[in-house]
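Kindly generate the complete structure, drawing on both the sequences and the hints.
Order-wise, the sequence lines are chains B and A.
Following the working numbering from start to finish, the first sequence increments by one per residue and tops out at 426.
Following the working numbering from start to finish, the second sequence increments by one per residue and tops out at 455.
Please keep in mind that the hints were generated in silico from the structure rather than gathered at the bench.
With a cut-off of at most 20 angstroms between alpha-carbon atoms, the simulated SDA-like pairs for lysine to any residue come out as follows:
#, chain 1, residue 1, chain 2, residue 2
1, A, K185, A, Q319
2, B, K66, A, E109
3, A, K69, B, Y64
4, B, K347, A, E109
5, B, K347, B, P393
6, B, K347, A, R40
7, B, K66, A, R40
8, B, K379, B, C397
9, A, K69, B, V70
10, B, K347, A, R64
11, B, K347, A, D107
12, A, K69, B, G65
13, B, K347, A, G110
14, B, K347, A, R51
15, A, K69, B, L218
16, B, K347, A, I52
17, B, K347, A, N105
18, B, K66, A, R64
If the Cβ cut is set under 8 angstroms, some of the chain B residues that face chain A in the computed set are:
#, residue
19, N67
20, K347
21, K350
22, R373
Idealized CB from N, CA, C, for every residue including glycine.
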Amino acid sequence: MADLSIEFCGIKAPNPFWLASAPPTDKAYNVVRAFEAGWGGVVWKTLGEDPAAVNVSSRYSALYGKNREVVGFNNIELITDRSLEINLREITQVKKDWPDRAMIVSLMLPCEEHYWADILPKVEATGADGIELNFGCPHGMPERGMGAAVGQVPEYVQMVTAWCKKYSKLPVIVKLTPNITDVRMPARAALAGGADAVSLINTINSITSLDLDRMVALPIVGGASTHGGYCGSAVKPIALNMVAEIARDPQTRGLPISGIGGIGNWRDAAEFIALGAGCVQVCTAAMLHGFRIVEEMKDGLSRWMDEKGYERISDFSGKAVANTTDWKYLDMNYQVIAQISQDDCIKCGKCYVACEDTSHQAIAQLIDAAGTRSYEVIKDECVGCNLCEITCPVQGCITMVPQTTGKPYMNWTQDPRNPRAVAETA
Amino acid sequence: MIESLSYLPHPTLPSEELAGHFTDLAPPLTARQAAIESARCLYCYDAPCSRICPSEIDVAGFIRNIHDKNINGAAAGILKQNILGGSCARVCPTEILCEDVCVRNHDAEGQPVKIGLLQRYAVDHAHFAAHPFKRAAATGKTIAIVGAGPAGLSCAHRLAMLGHDVVIFEKEDKAGGLNEYGIAKYKLTDDFAQKEVAFLLAIGGIEIRCRQVLGENLQLRELHAQYDAVFLGLGLGASRKLGLTGEEAPGLLAAVDYIAALRQADDLSSLPVPKRAIVIGAGNTAIDMAVQIQRLGAEEVTLVYRRGFDAMTATHHEQDIAKTNQVRMLTWAQPQQVLLDAGGKVAGMRFEKTRLEGARLAGTGETFDVAAETIFKAIGQSLASDALHDPMAALLKRDGDKIAVDAGFRTVLPGIYAGGDCVAPGQDLTVQAVQHGKLAALAIHHDLISKVEAA
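Okay, structure coming up:
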């Protein structure tokens, strides 16, 4: 079996599956259950200054799929609502009882140096393996000048990171907010401040849905609501892109990344790792299904690695980064064409109407004498957009077949159809 | 008819328990089930379920509306095409129509979307503040409809929508036709047929006159003279005969007559129920009869059919209902003789075994007897000839033993239209009758308007 153990910016863990700083890591009881279930590490729910934050009721809402499966999740919880003293005591005890698991402590404090100088020695005294700076919480805390309010200003990110490096020997992981135009900026700032790693993404500003009778968004607090932080599978594509942006940025290349955002199974984890993550953090999936999911995540990842011949996580970490590029470097001569397997086709007509109404009219509807429908690709019209394959309810029925064009690789900067091609290559 | 069975015992079970045997055969979906089931629909384009639906319901559309919690929209979409969508949801043989061709009913999955139950869910759970269809401006035309069954009701509703007034002449005490008198009790429960009629009439402009029997107190020639058009939704009132001696003996009757009495009985325990019953036939009525008499307490119910299972017009789904209700089904045997007791009442039936000789069904000469106190015939219905004996009615062209019509359900007599089971096309399904009525209404409207324009 593949070796799932990792060393992430100097922090060792038996596997790359960590629980993100969030309700599941709020207190010893939960964290112990998580370790019993087999999680490789936790990022303890964010500690702050005393007195502790106070939360409202209610706190969560969701975006549902067709079968009421949760696609996206939204929360308006603040950082820990328990005292610093209790949290530090519990962290100390849990780390002592579970020495092989990664114990990271998330922190959020005002942007004044003395707060950090004061708290860091206390955190270090717990025996924790590292700290994570919560520069990403998008709701509530930014109104008080913390969380995303810091993460959105690269200068602050660099400044606070530098304080942490100054007052602590622990590895510093800077957690980034996605509520920003270009995530590379705060990542570069974190690196400049001396960060040992970044973790991303934190949650995305969101309103999931409304109660149309009461005319108020969810979750409802009294008669009102506020935007929350969005997470769950729906945010995975956004997170993957941001991870890739940092992984392939020449300025931050090689900076360890802890991937977060919609990870719910081994495959999600493998994707983050392939795009450069050294470990992953999970929250929503555990909140929806319980800690036991780590069992299938470990098993699935390990078996897949065995199949592919990867002995350890580092064997494939970042392996897809080089294949993630700018649009202008894509091969203009590459061509795929849809192919419909008539044996598998159930004649639902979805590919046809999608292509006919909204794409390139490249699928023909054929009606035989008995009135039976069949659908065939008009090869000359197909641009290879994948829409039909995406709409098809039968997996594997429509495949996109690469065509042999005999033409060499030619990107847009080399393409004679590009009016600026000469200027760019010159 | 059923009075001839008065010498038979009554069910031994108390009324309440008997009533429990006739509750919904296919219980309705709960909200949760409807959510799950509607999510299974793939929302096909040019969907096969809609293409096969005799009443052209946009199935994918109404299911999507159910899923989006627009129940009124779902129901309105169904009722727009089929005003009897509630009863059709219950009685349609979906297993040979929409659910048979559902794209999810293929090898990999083998589970079609439960379209019938979803349709019932939509219609049952819709809450309309007023009747969902508006009438067009009054045309001043009045159309006579003979028969308040599905075809006549559907025709009447569509005509009312188009601005015409309608008078329906019905021979029974209640409107509804086979929905009221002929469908197995456990398929249409809770007086649904009457509720549906009341809903339909709420559009206004439709008057129903009961106990009006064509050929008795009503003549086609008079209707033709008095009204702007006439639609005949007569159904098939006559039960076919076995052609055997003893056919009139007490204990032998048409299944439809017993079912009608069963459907109208306030107290099921008052019905005469034999210990042993024979049902002759292989259609849905035969199955309905066999299962219902079994549920009333008959101990031995034998359904006999002269051909094999594959030739039965009852669907596999219906055959399964019979099997799960302990109905014994004998195939390849035909009635030869009604066996009578000393008092001249039915004591059983002698059957002759049959086989195919080439394409021809032939008796083998080998016989066997089945003892029974009652024999129910369910060998098909035909047009009641009494209804069409006045000089004008006699001119109606026939197609076989049914009334011949064109694609607009026009008979050969100008101004007279016909639809439902009494006309040639179709398989005598409720949903087809509804469609006939709807299309006939459109033809009547078209013909009346073009006459006005021409004048």
